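S.K.: These are the residues of each chain, in order.
Protein chains: 2
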Amino acid sequence: MLMRTGLLLIPALLATLSVRAELVSKTVEYKQGDTVLEGYSVYDNATQGKRPGVLVVHQWQGLGAYEKKRAEMVAGLGYNVLAVDIYGKGIRPDNPRDAGAEAGKFKDNRPLLRARVRAGLDVLTRHELTDLKRIAAIGYCFGGTTVLELARSGADLAGVVSFHGGLSSPTPGDAKNIKAKVLALHGADDPFVPAAEVAAFEDEMRQGRVDWQLIAYGGAVHSFTHWDAGSDSSRGAAYNERADKRSWEAMKPFFAELFK
Amino acid sequence: MLMRTGLLLIPALLATLSVRAELVSKTVEYKQGDTVLEGYSVYDNATQGKRPGVLVVHQWQGLGAYEKKRAEMVAGLGYNVLAVDIYGKGIRPDNPRDAGAEAGKFKDNRPLLRARVRAGLDVLTRHELTDLKRIAAIGYCFGGTTVLELARSGADLAGVVSFHGGLSSPTPGDAKNIKAKVLALHGADDPFVPAAEVAAFEDEMRQGRVDWQLIAYGGAVHSFTHWDAGSDSSRGAAYNERADKRSWEAMKPFFAELFK
Numbered sequence: 116m117l118m119r120t121g122l123l124l125i126p127a128l129l130a131t132l133s134v135r136a137e138l139v140s141k142t143v144e145y146k147q148g149d150t151v152l153e154g155y156s157v158y159d160n161a162t163q164g165k166r167p168g169v170l171v172v173h174q175w176q177g178l179g180a181y182e183k184k185r186a187e188m189v190a191g192l193g194y195n196v197l198a199v200d201i202y203g204k205g206i207r208p209d210n211p212r213d214a215g216a217e218a219g220k221f222k223d224n225r226p227l228l229r230a231r232v233r234a235g236l237d238v239l240t241r242h243e244l245t246d247l248k249r250i251a252a253i254g255y256c257f258g259g260t261t262v263l264e265l266a267r268s269g270a271d272l273a274g275v276v277s278f279h280g281g282l283s284s285p286t287p288g289d290a291k292n293i294k295a296k297v298l299a300l301h302g303a304d305d306p307f308v309p310a311a312e313v314a315a316f317e318d319e320m321r322q323g324r325v326d327w328q329l330i331a332y333g334g335a336v337h338s339f340t341h342w343d344a345g346s347d348s349s350r351g352a353a354y355n356e357r358a359d360k361r362s363w364e365a366m367k368p369f370f371a372e373l374f375k
Numbered sequence: 116m117l118m119r120t121g122l123l124l125i126p127a128l129l130a131t132l133s134v135r136a137e138l139v140s141k142t143v144e145y146k147q148g149d150t151v152l153e154g155y156s157v158y159d160n161a162t163q164g165k166r167p168g169v170l171v172v173h174q175w176q177g178l179g180a181y182e183k184k185r186a187e188m189v190a191g192l193g194y195n196v197l198a199v200d201i202y203g204k205g206i207r208p209d210n211p212r213d214a215g216a217e218a219g220k221f222k223d224n225r226p227l228l229r230a231r232v233r234a235g236l237d238v239l240t241r242h243e244l245t246d247l248k249r250i251a252a253i254g255y256c257f258g259g260t261t262v263l264e265l266a267r268s269g270a271d272l273a274g275v276v277s278f279h280g281g282l283s284s285p286t287p288g289d290a291k292n293i294k295a296k297v298l299a300l301h302g303a304d305d306p307f308v309p310a311a312e313v314a315a316f317e318d319e320m321r322q323g324r325v326d327w328q329l330i331a332y333g334g335a336v337h338s339f340t341h342w343d344a345g346s347d348s349s350r351g352a353a354y355n356e357r358a359d360k361r362s363w364e365a366m367k368p369f370f371a372e373l374f375k
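The listed protein sequences correspond, in order, to chains F and V. Just so we're aligned, residue 116 is where the first sequence starts under the numbering used here, counting upward by one. Just so we're aligned, residue 116 is where the second sequence starts under the numbering used here, counting upward by one.
Fair warning: there could be bad hints in the mix.
Given that identical chains are not distinguished, each listed pair holds provided it fits within a single copy or across any two copies.
Straight-line C-alpha distance at most 30 Å; calculated DSBU-like pairs for lysine-lysine [as the list claims (entries may be wrong)]:
#1 Lys360 / Lys141
#2 Lys183 / Lys291
#3 Lys294 / Lys367
#4 Lys204 / Lys291
#5 Lys146 / Lys222
#6 Lys360 / Lys375
Hints were generated in silico from the structure; no laboratory data involved. In this text the structure is predicted, and so the values were computed from the model without any measurement.
Based on the sequences and whatever the hints tell you, model everything.
M.R.: In structure tokens form, the structure reads like this:
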């Protein structure tokens, strides 16, 4: 026995009650040690008062238009969002060689990576609209690795989501520190995150008794959510609309569970 | 810029518009060859007219109370449901030894398994409420294996969902026949569906160029959706509320995508 409601009958009434909402965004300067970082803060003023906070962490080219758009999409879901800067103000490598070198500095220095993302988390937690008991972090590629590293640091987060992030850890024993629920969204054909790395990650999560899930998207390679990554999967990185939409939809019930 | 609606302001109006809905169910006898099968048909009369059809396939003990409850839950989502019978009327093994033997007959005879589930699909497609362009199949354990086998047979389905089903195939080349989108929901610690079997399945899907996804639920073992499976994961099969709820929630957007 179920109760059903006749929602379809009342569009006219709903229209008269609708409210125009706007995204409120600004650039935010902050520091980690002596390094100046430049993030992007955004929320939707349709929601009043405190709300869950979500950190968004960039890909290997640094915080750019893509991550700002994602931050706005997350803000549109009703969250207070900070897209962080790991590299430093003005450091936005525009070619693969420089991007790889910059990302490599942090992949090879996890304590520094943790400190940089932690500085962003501090900014988010100090924001007046952030509900301190409901905070999550998501990241793309390099940012996926980063949010996992933030979780491994023992940060007090409800959850983290990695989109096509690298899953390896130089210190897998740190998984025991993880308080966040972990959702890894993975392209099943991603040559940059091969099967052995996925298996090691699963084992790391298992050994650490983490609350984890991993979704493998068939046919998807690296960067599957990135609109500008092209469509040639043979290059190992390409946009995949199906996996992009599915992974975005998978994030929503995960957030609903974290923030309930 | 988003439009928001003031839904919270109008509960009184909604209440006056609500409709009392009921599940309409019946036992259905049908045949495959000379074998009489006994399925369970259920739909929700809150919805009018044709709707997507969903086949539900049982675990190794045959169609019982668990599968009927699942069928009702799926019917409650607005679909026309048939819980099929693979074993035959009255064949409902009530202990692991007999259940294993019965399931084994079909796992070792995939053509027969395909014929049995196909007979159920025929009953569903003949039902006046089934929208023939929108049909899916879901199955639990043995039933997960069965819906994958149905897909491998080339059945004209929008999609299939396996909940903790066995993923192996004696004829992986048949994946090229698959028209259905495939969603496999897997307990990451399921000893009955080990990592090598998952890897072989993923490779089968990849080679067959199937539209597939697999979700691995950390900490979940076999039977993770089965309320009566107990809570002792060390036995290899146990209920896991978290994975149960997450997998149910993962099915919904999959159906939404299939049936849009």
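S.K.: Please go over all the hints and tell whether each is borne out by the structure.
M.R.: Results for each hint:
no., hint, in the structure
1, Lys360 / Lys141, "within (27 Å within a copy, 38 Å between copies)"
2, Lys183 / Lys291, "neither (32 Å within a copy, 40 Å between copies)"
3, Lys294 / Lys367, "both (20 Å within a copy, 28 Å between copies)"
4, Lys204 / Lys291, "neither (33 Å within a copy, 50 Å between copies)"
5, Lys146 / Lys222, "within (20 Å within a copy, 61 Å between copies)"
6, Lys360 / Lys375, "both (23 Å within a copy, 14 Å between copies)"
In this structure, the hints that do not hold are numbers 2, 4, in rising order.
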